[in-house]
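Based on the provided sequences and hints, a complete structural model is requested.
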Amino acid sequence: MIELLAPAGTPEKLRIAILYGADAVYVGGREYGLRARAGNFSLDDISEACVFAGHHRAAVYVTVNIVPHNSNLVRFEEYLAALGAAGVKGVIVTSPHFALTVKKIAPDMELHVSTQCSAVNSEALNFYRDLGFKRAVLGREVSLSQMAAIKSKTAIDLEAFIHGGMCSAYSGRCVLSNYMTGRDANRGGCAHSCRWDYKIIDSDGPDIPVNIASKDLSAVRAVPQLINLGIKSLKIEGRMKSIYYIATTVRAYRMLIDEYASSGCVKDFRYYVEELAKAGGRSVCGGFLYDAPASDRQIYKEQLPAENTFAGVIRDYNSEEKMATLEQRNFFSVGNKLEFFGPQLPNTSLIVTEMFDETGAPLVSARHPRQIIKLSVPFRVGYPDMVRVIK
Amino acid sequence: MKIIVDTKTLDGISPDADVVPALFDPSFSVYPDIGYTQKDIDDFLLMRKKTGAAAAVVLDKLIEEQELTLVREALRHYRQLGVGIFIYGDFAVLNILKTDKNCVPIYDSKTLMTNYADAAFHKRLRGLVVPSPEITWEDMIDIINVGNSVLEAYGHHRIFYSKRPLLTAYRDYYDIHLNKNFYTIKESARSESYFISEGTFGTTFYTGFRLLIFKEIAQLKRRPQFLRINGAFIPADELAAVTDIYRRLLSYSGDVEGLYRDLCALYPNTKPGYFISGGGDE
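From first to last, the protein sequence lines stand for chains D and R.
Number 530 marks the last residue of the first sequence (this note's numbering); no jumps.
Number 1347 marks the last residue of the second sequence (this note's numbering); no jumps.
You may find that some hints are simply not true.
Claimed, not checked - Here are the simulated DSS-like cross-link-like pairs (lysine-lysine), alpha carbons at most 25 Å apart as the crow flies: (1) LYS338/D - LYS1245/R; (2) LYS476/D - LYS461/D; (3) LYS354/D - LYS1188/R; (4) LYS243/D - LYS1163/R; (5) LYS1163/R - LYS242/D; (6) LYS440/D - LYS1251/R; (7) LYS292/D - LYS1163/R; (8) LYS1188/R - LYS290/D; (9) LYS1188/R - LYS242/D; (10) LYS273/D - LYS1188/R.
Stated by the list, open to error - A partial selection of chain R residues facing chain D, derived with a Cβ cut-off under 7 Å: (11) LEU1127; (12) ASP1155; (13) PHE1156; (14) THR1179; (15) THR1249; (16) SER1253.
As the list claims (entries may be wrong) - Quick list of simulated restraints, FRET-style, between CB atoms: (17) GLY344/D - GLU1322/R: 41 to 49 Å; (18) ALA220/D - GLY1100/R: 21 to 29 Å; (19) THR1265/R - VAL213/D: 37 to 45 Å; (20) ALA330/D - ARG1191/R: 31 to 39 Å; (21) PRO1337/R - TYR410/D: 54 to 62 Å; (22) LYS1166/R - ALA294/D: 49 to 57 Å; (23) ASP1076/R - GLY344/D: 44 to 52 Å; (24) ASP1076/R - LYS273/D: 49 to 57 Å; (25) GLN1103/R - VAL213/D: 24 to 32 Å.
Calculated from the structure, these hints are not laboratory results.
Note that beta-carbon positions come from the ideal geometry of N, C-alpha and C, so glycine has one too.
Laid out in structure tokens, this is it:
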């Protein structure tokens, strides 16, 4: 069975990802990972994450995929030993030295080639395999037909991104952020400089405003092909994204994979496309999966969809009173249409007719982040079901 | 220590044995302005082979799966023409060359070689490395001390490499006049400029300033194996003048301060490198 691999920027996101159907999660520690501004995990957090994941037959991978400077080399062995003791299944690595250190200190842990390596051909992948890598995250520039050719020429397991943000450059081969902001893109500080506005200085005329940002990737329609190709793991990007994003994307891809596994076909891709669109964010495209990139893969004049459709998380349900307890995350009011969804809960909607605060006082609107709200809900819900506002 | 210099044209190559011309393979290099054809390269290399003079070939693009056969053929071809130095950015090239004990692979990813331990990894494979300039000078010295370094000493430094045709895509979307493959570009809120170039294999950004490491070289206790002079966006005659100044530095034929002043006079917009200044928008 193919692995659905989800991002987990915090312990809460990890629990959500696994409860919503991820087979594995990747997390960053406080050091060595590429998302310095994500919440990230202490070693204790990682230990607890491995226990939680183990109870749900899921795996935890840890990113140690910075491009290390000399100062980052100290204490790495100690850190690896702790990861091994915690029960981490594998680590995602860019530096060859880090890879050799993993083989020496924690030989039972799987070694995965980071996408920062931009491994895009079987010759390079075989180089990594000979170093002891078990799996490689392919560069996002690889097409489906190239994946098929690669698969036939290498024994290394392949992992492919199916959803989320894309670098405009080959990952790892961009230091715009370093030069423009002093933040090291290859050590977790990327300022996403490729998403800013630029202007070309044209000696023949006025300056020309330009953009170079990429649309996000969404590979919904490619999932059956990726499964048929024998790709080992399908990866969702987004350790910085919200629990709502994690829940929505993981759930949609879980359902899609399960439908294809059980029936051998996917009846209606549009359902999954629409579900994923509810997660919000930038425009999406098929990336490099089908053909060469062109203007339709870039973001030029983007009207971002309305955000904050995430109303809250269900914390409890009183089945006698048919009252749900919800932790509010974004504004909603009496009269709004809400959609409830969860790992086992199909999308179910209702109009808010009444709601109350913790003391039982009636509310017209839920205005305060993390406020506890009581809602009349005629069907059974529970943690970690979520609620979105349907506009 | 020798100097590897990008070759803009195949005329007027320095006869000095300490200067190794770097030629860019038209099919496997992302260099922005190659001024010669494959036949020109072959003729030139054949001539170098007859005289026993060294040459380097650059194949620094990331290799697509369907290109592997052609890359293997190209490497075999160049070896037959006597080329012993290959500058690459994809481990596919290293993997192909690993059994050839008579050539020198130089890893030049631009961005991924940032510590002495990874340099030592390549040394065990008989490979040289070009340290990325986005590190401190102290870290650079540690890498040089490993004994397999090619120090990027001069020129516009590549800081972005994309497979995407970013200029063409933008032009097509807005149907605007954007027909050159090379422009100066600025981020809207910043004053410093960069060069953007689009070629067959994608889009690259280079620093608008030229990296300049000069006086520091004279102070090194252990020297790198090669200095590298990048020629992108530098006129050929200017590049020849730069090369001559570095050659004189290495042959100790001139006072370092005077040579440095001559070098700065050629192009004032230089920086000693992110590794010394700390980087950022100045």
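Status of each hint after checking the structure:
Distance hint between LYS338/D and LYS1245/R is fulfilled; the C-alpha atoms sit about 15 Å from each other, no more than 25 Å. Under the criterion of a C-alpha separation no larger than 25 Å, the hint pairing LYS476/D with LYS461/D is consistent with the structure, at around 18 Å. Restraint check for LYS354/D and LYS1188/R: the C-alpha separation of about 40 Å exceeds 25 Å, so the hint is violated. This hinted pair checks out: LYS243/D and LYS1163/R have alpha carbons roughly 23 Å apart, not beyond 25 Å.
At most 25 Å may separate the alpha-carbon atoms for a hinted pair to count; LYS1163/R and LYS242/D meet this at roughly 21 Å. For the suggested pair LYS440/D and LYS1251/R, the alpha carbons sit about 19 Å apart, so the restraint of at most 25 Å is met. Annotation: proposed proximity of LYS292/D to LYS1163/R holds, straight-line Cα distance about 18 Å (limit 25 Å). Distance check on the hinted pair: LYS1188/R and LYS290/D sit about 30 Å apart at the alpha-carbon level, beyond 25 Å; violated.
Note on LYS1188/R and LYS242/D: the hinted pairing holds, with a Cα-Cα distance of about 19 Å set against a maximum of 25 Å. Between LYS273/D and LYS1188/R, the direct Cα distance comes to roughly 24 Å. Compliance with the 25 Å bound is thereby established for this hinted pair. This hint holds: LEU1127/R has a C-beta 5 Å from the nearest C-beta of chain D, less than the 7 Å allowed. This hint holds: ASP1155/R has a C-beta 6 Å from the nearest C-beta of chain D, less than the 7 Å allowed.
A distance limit of 7 Å between C-beta atoms decides the matter here; for PHE1156/R the minimum to chain D is near 4 Å, and the interface restraint holds. Interface restraint check: THR1179/R against chain D, minimum CB-CB distance 5 Å, threshold 7 Å, status holds. Checking THR1249/R against chain D by beta carbon gives a least distance of about 4 Å; that is within 7 Å, so the hint holds. A least Cβ separation of about 4 Å between SER1253/R and chain D falls short of the 7 Å threshold, and the interface hint therefore holds.
A hinted range of 41 to 49 Å holds for the C-beta pair GLY344/D and GLU1322/R, which are about 43 Å apart. Distance hint for ALA220/D and GLY1100/R: a CB-CB separation of about 54 Å, inconsistent with the stated range 21 to 29 Å. About 43 Å separates the C-beta atoms of THR1265/R and VAL213/D, a value consistent with the hinted range of 37 to 45 Å. Take ALA330/D and ARG1191/R: their Cβ atoms lie about 38 Å apart, and the range 31 to 39 Å holds.
For the hinted restraint 54 to 62 Å between PRO1337/R and TYR410/D, the CB-CB distance of approximately 58 Å keeps it satisfied. For the pair LYS1166/R and ALA294/D, the beta carbons lie near 26 Å from each other, so the given range of 49 to 57 Å is not met. Between ASP1076/R and GLY344/D the C-beta distance comes to about 34 Å, which lies outside the given range of 44 to 52 Å. Roughly 51 Å separates the CB atoms of ASP1076/R and LYS273/D, a value that falls within the hinted 49 to 57 Å.
Remark: the range hint 24 to 32 Å for GLN1103/R to VAL213/D is contradicted by a beta-carbon distance near 47 Å.
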